[in-house]
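Chemist: Listed below are the residues making up each chain.
Number of protein chains: 2
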Amino acid sequence: MNFGCAKLIPSTSSIHWIDQLEKIVGKTHVIRPGADDFAKYEQDETEDLRFPPQAVVRPASADEIQKIVRLAQTEKLPIVPRGGGTGLSGGALAVKGGIVLSLERMNRILEIDKYNFFAIVQPGIITQQFQETVEAEGLFYPPDPASRGSCTIGGNVAENAGGPRALKYGVTKDYVYGLKAVLANGECVSFGGKLLKDVAGYNMTQLFVGSEGTLGIVTEITLKLIALPRLRRTLLAPFDDLHQAAAAVPAIMARGIMPCALEFMERDCLQAIENHIGKPVRFSKNAAVLLIEVNGNHESMLDAEIETIGEVLEEYDAVDCFIAESTAQQNEIWDIRRIAGEAVKSISLYKEEDTVVPRSRVPELVSGVHEICDRWGLRVICYGHAGDGNIHCNILKAGMTDKKWNEELPLAVEEIFKHTVSLGGSISGEHGIGYIQKRYLPLSLGEAEIELHRQLKHALDPQNLLNPDKILPN
Amino acid sequence: MNFGCAKLIPSTSSIHWIDQLEKIVGKTHVIRPGADDFAKYEQDETEDLRFPPQAVVRPASADEIQKIVRLAQTEKLPIVPRGGGTGLSGGALAVKGGIVLSLERMNRILEIDKYNFFAIVQPGIITQQFQETVEAEGLFYPPDPASRGSCTIGGNVAENAGGPRALKYGVTKDYVYGLKAVLANGECVSFGGKLLKDVAGYNMTQLFVGSEGTLGIVTEITLKLIALPRLRRTLLAPFDDLHQAAAAVPAIMARGIMPCALEFMERDCLQAIENHIGKPVRFSKNAAVLLIEVNGNHESMLDAEIETIGEVLEEYDAVDCFIAESTAQQNEIWDIRRIAGEAVKSISLYKEEDTVVPRSRVPELVSGVHEICDRWGLRVICYGHAGDGNIHCNILKAGMTDKKWNEELPLAVEEIFKHTVSLGGSISGEHGIGYIQKRYLPLSLGEAEIELHRQLKHALDPQNLLNPDKILPN
Numbered sequence: 437m438n439f440g441c442a443k444l445i446p447s448t449s450s451i452h453w454i455d456q457l458e459k460i461v462g463k464t465h466v467i468r469p470g471a472d473d474f475a476k477y478e479q480d481e482t483e484d485l486r487f488p489p490q491a492v493v494r495p496a497s498a499d500e501i502q503k504i505v506r507l508a509q510t511e512k513l514p515i516v517p518r519g520g521g522t523g524l525s526g527g528a529l530a531v532k533g534g535i536v537l538s539l540e541r542m543n544r545i546l547e548i549d550k551y552n553f554f555a556i557v558q559p560g561i562i563t564q565q566f567q568e569t570v571e572a573e574g575l576f577y578p579p580d581p582a583s584r585g586s587c588t589i590g591g592n593v594a595e596n597a598g599g600p601r602a603l604k605y606g607v608t609k610d611y612v613y614g615l616k617a618v619l620a621n622g623e624c625v626s627f628g629g630k631l632l633k634d635v636a637g638y639n640m641t642q643l644f645v646g647s648e649g650t651l652g653i654v655t656e657i658t659l660k661l662i663a664l665p666r667l668r669r670t671l672l673a674p675f676d677d678l679h680q681a682a683a684a685v686p687a688i689m690a691r692g693i694m695p696c697a698l699e700f701m702e703r704d705c706l707q708a709i710e711n712h713i714g715k716p717v718r719f720s721k722n723a724a725v726l727l728i729e730v731n732g733n734h735e736s737m738l739d740a741e742i743e744t745i746g747e748v749l750e751e752y753d754a755v756d757c758f759i760a761e762s763t764a765q766q767n768e769i770w771d772i773r774r775i776a777g778e779a780v781k782s783i784s785l786y787k788e789e790d791t792v793v794p795r796s797r798v799p800e801l802v803s804g805v806h807e808i809c810d811r812w813g814l815r816v817i818c819y820g821h822a823g824d825g826n827i828h829c830n831i832l833k834a835g836m837t838d839k840k841w842n843e844e845l846p847l848a849v850e851e852i853f854k855h856t857v858s859l860g861g862s863i864s865g866e867h868g869i870g871y872i873q874k875r876y877l878p879l880s881l882g883e884a885e886i887e888l889h890r891q892l893k894h895a896l897d898p899q900n901l902l903n904p905d906k907i908l909p910n
Numbered sequence: 437m438n439f440g441c442a443k444l445i446p447s448t449s450s451i452h453w454i455d456q457l458e459k460i461v462g463k464t465h466v467i468r469p470g471a472d473d474f475a476k477y478e479q480d481e482t483e484d485l486r487f488p489p490q491a492v493v494r495p496a497s498a499d500e501i502q503k504i505v506r507l508a509q510t511e512k513l514p515i516v517p518r519g520g521g522t523g524l525s526g527g528a529l530a531v532k533g534g535i536v537l538s539l540e541r542m543n544r545i546l547e548i549d550k551y552n553f554f555a556i557v558q559p560g561i562i563t564q565q566f567q568e569t570v571e572a573e574g575l576f577y578p579p580d581p582a583s584r585g586s587c588t589i590g591g592n593v594a595e596n597a598g599g600p601r602a603l604k605y606g607v608t609k610d611y612v613y614g615l616k617a618v619l620a621n622g623e624c625v626s627f628g629g630k631l632l633k634d635v636a637g638y639n640m641t642q643l644f645v646g647s648e649g650t651l652g653i654v655t656e657i658t659l660k661l662i663a664l665p666r667l668r669r670t671l672l673a674p675f676d677d678l679h680q681a682a683a684a685v686p687a688i689m690a691r692g693i694m695p696c697a698l699e700f701m702e703r704d705c706l707q708a709i710e711n712h713i714g715k716p717v718r719f720s721k722n723a724a725v726l727l728i729e730v731n732g733n734h735e736s737m738l739d740a741e742i743e744t745i746g747e748v749l750e751e752y753d754a755v756d757c758f759i760a761e762s763t764a765q766q767n768e769i770w771d772i773r774r775i776a777g778e779a780v781k782s783i784s785l786y787k788e789e790d791t792v793v794p795r796s797r798v799p800e801l802v803s804g805v806h807e808i809c810d811r812w813g814l815r816v817i818c819y820g821h822a823g824d825g826n827i828h829c830n831i832l833k834a835g836m837t838d839k840k841w842n843e844e845l846p847l848a849v850e851e852i853f854k855h856t857v858s859l860g861g862s863i864s865g866e867h868g869i870g871y872i873q874k875r876y877l878p879l880s881l882g883e884a885e886i887e888l889h890r891q892l893k894h895a896l897d898p899q900n901l902l903n904p905d906k907i908l909p910n
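Protein chains in written order, with this note's numbering: chain V, 437 to 910; chain L, 437 to 910.
Bear in mind the hints are in silico, worked out from the structure with no lab data behind them.
A hint or two may mislead.
Computed cross-link-like contacts, EDC-like style, restricted to lysine to aspartate or glutamate with a CA-CA straight-line distance of at most 20 Å [as the list claims (entries may be wrong)]: (1) Lys781/V <-> Asp810/V; (2) Lys833/L <-> Glu788/L; (3) Lys833/L <-> Glu807/L; (4) Lys833/V <-> Glu851/V; (5) Lys550/V <-> Glu751/L; (6) Lys660/L <-> Asp610/V; (7) Lys550/L <-> Glu751/V; (8) Lys604/V <-> Asp549/L.
Just so you have them, the derived chain V footprint on chain L, three or more residues with Cβ under 8 Å [stated by the list, open to error]: (9) 619 to 625; (10) 644 to 654; (11) 732 to 745; (12) 859 to 871; (13) 888 to 899.
Ideal Cβ positions, reconstructed from N, Cα and C, are used throughout, including at glycine.
Turn these sequences into a full structure, and let the hints guide you.
Modeler: Below, the structure written as structure tokens:
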């Protein structure tokens, strides 16, 4: 499925505007096709897709971005904003050529406000680096996408990234309380601020969050922080029955406990990890495991919560329960979980579907996905965030012919998504629609809903310059 | 400040469409001018403003609303959606005449999903009634505007209502995970659902929340719930110095405690309550009190939190600390706090400003507001949500002449808002912009930001039929 379009490589006629880009940001910060580091901007982490832009530009300020957008307007050039390039739906791919606008140089933390629990950052800051910086101040920024070591806050905002802690703490959108952006018309706008409440006008901030760079280029972000919880407890529970594992999840919450993570991996996932890391993984012979973590500041509360969780797990026929006794053991459990994606995807070419359903429907989701893939002769491995119903289904090409993979996979994916939607779900929980899922958007949204998207996009970007050919189906 | 426009009372030419309204919803559910219960639809709880619509209609379904919107399109009639009529910014006032569309009959709870912690409701359900219903199931819907006994969830969604518990739990927007709405073009749309994560398309749900009925008429709402905390502790701490009271607020949170309410009342407010209820109020001689409540499920954690809060209060020179020892005492404290608005507003004609700043700036906000009002010879009483920086400043007309009140008040209000914005604040925390604050919106938002609002409004409602003359300045 390589849709790369060689015809988009620039002709000499485009040199004029590339020169102008260089005047805006300086020669070093424009990368032309053929340059050493050009290739990485042709792709993100979405399958094996590559789309070369006509140029890459790395501005250092909103002011430079404004000038780039105005140049793009004049030259009718697509602009594709780019964060860490870790996206899984092709949001940062220059599918229509044009300019890839990398925000990597705008990577400063502008303020950490310890009194009001807010931070102001530029979009290019690496998520984990930001998290570690605020944690050193006793503060906490919960969203933790698996790629947090290399993704950026700007990219997280564009995609509304989640992660395991979303269950208790919410996703990126729940922390974005203000932002600045450059619009397609070249205007700079600023919404929200260090305010827990603000109803002066429409919630423009949330319109930009998750809009995947199609409505504006975010240049500054105000993030809410919370106090860093001091303590956590982590446990791992294996089940012989996938359905029992999934059913235990709402039962835990019904007891008044909100874990900060409640993750699910099925046997095939554990075994893929075992093969990938080349050493045994705990409970890899069981049908599924739940990874559960609770956190807080009060020892005896966490003890009581772990005890209650243990009762529920027993009630739902967990066959064991391993409670981490040290930070090292906690990290070991999380390292296993965090490497799941890499391990599964290392098996062969893959297609990852980011299904999400109400959490009580996870058993039906997982068994339905297996049933569909079995029918199409596809191998699938599921893992993810059982607490919030967000299950990543990785379909592996393995030994399948290219022909079968290219022709039949889209049909199987459509079936998976129809099944997901029939359970009250959506076709993407945290990866975004981007380029690769837009054909499926009509499964999640009706014609009137999509038309409303088009109206909004047209109102904000009438020339369709900002990340064109994303989200909305053709 | 009565802007009522008698000229909008319907002529006989409008009878034709009123007849059609009756065909849509039935005769009983159209109220014509002059009918017994017409008067209440001319006003909400915003000052003494009255605007008679040309008719009131009370539909029972989205289908009926769709027909009403299509009729309004044809007849070019403004439609003003209305919930409980408790708004404080004039959102439900028919300032351009037309149809008041009351959602009072669409008041059912459609589903309470105990497994997934979601509820689906119609917009007309009374907030408190909804809360009590879910609490009986062990679930919790935190947003608690002071008017919760008579306001509706639909109104809360339109205004993005807050309340004391917003500090720990967020405001209405943080609980709205999906909605259905009828657009100005008569189309029904549906976004989101019982999903904690969903990134399939723009966050349209949040575009509608807080849009004050100007972008669509919300007909169904999916609300996230949480597990009901079993325990709470409530305390009241008086201070001789307003600044010390305000400074204690971020200090409590810096100790890792997030109270579920952290309210502030100044002496004048306590004394107004005392006069209003005709009996002594605790600590009414002190400069200010903080009302602090923590909640959870674990006794010893709450004890530890209360102890830590006590330490901080002592450090910031609280002169006393009253800890409620029974539910009756807790209710007594909250009754005092909840009656503050009514008590203050009963003194004379008033204008309430819903200022919000980063919480560390509350002392500067309150002293600045007093300084400005002193200079203009206006009496002001402040109280509100110190934890989230949202302070209600009630300016009282008292003995002032109508001329001075009408001419000078807007200038003083403008100064108050300029001061608020200079502290990083906004002109409304939870009451909305509606009709009475729109002239001040340019203090919170710049020209490019307001232009973006206009573009959105025009894209969604090109005829400007939905709640016209609200939010956006002329």
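Chemist: Give a verdict on every hint.
Modeler: To see whether the hints hold, each was checked on the structure:
Distance check on the hinted pair: Lys781/V and Asp810/V sit about 19 Å apart at the alpha-carbon level, within 20 Å; holds. Only pairs whose Cα atoms come within 20 Å are accepted, and Lys833/L paired with Glu788/L is accepted, the gap being roughly 11 Å. Simply put, Lys833/L and Glu807/L have alpha-carbon atoms about 17 Å apart, close enough for the 20 Å limit, and the pair holds. Only pairs whose Cα atoms come within 20 Å are accepted, and Lys833/V paired with Glu851/V is accepted, the gap being roughly 17 Å.
With a C-alpha separation of about 19 Å, the suggested pairing of Lys550/V with Glu751/L holds against the 20 Å cut-off. A threshold of 20 Å between alpha carbons decides the hint, and for Lys660/L with Asp610/V the separation of about 13 Å falls inside it, so the pair holds. Annotation: proposed proximity of Lys550/L to Glu751/V holds, straight-line Cα distance about 19 Å (limit 20 Å). Pair hint Lys604/V plus Asp549/L holds up; C-alpha atoms about 18 Å apart against a cutoff of 20 Å.
Counting residues of the region 619 to 625 of chain L whose CB lies closer than 8 Å to any CB of chain V gives 4, so the stated coverage by that chain holds, three being the minimum. Residues of the region 644 to 654 of chain L lying with their CB closer than 8 Å to a CB of chain V number 4, which satisfies the three-residue condition for coverage. Counting residues of the region 732 to 745 of chain L whose C-beta sits closer than 8 Å to any C-beta of chain V gives 6, which meets the bar of three, so the coverage hint holds. Given a C-beta distance limit of less than 8 Å, the hint that chain V covers the region 859 to 871 of chain L holds, as 10 residues qualify and 3 suffice.
For a cut-off of 8 Å, the count of residues in the region 888 to 899 of chain L with a CB near a CB of chain V stands at 7, and the three-residue condition holds.
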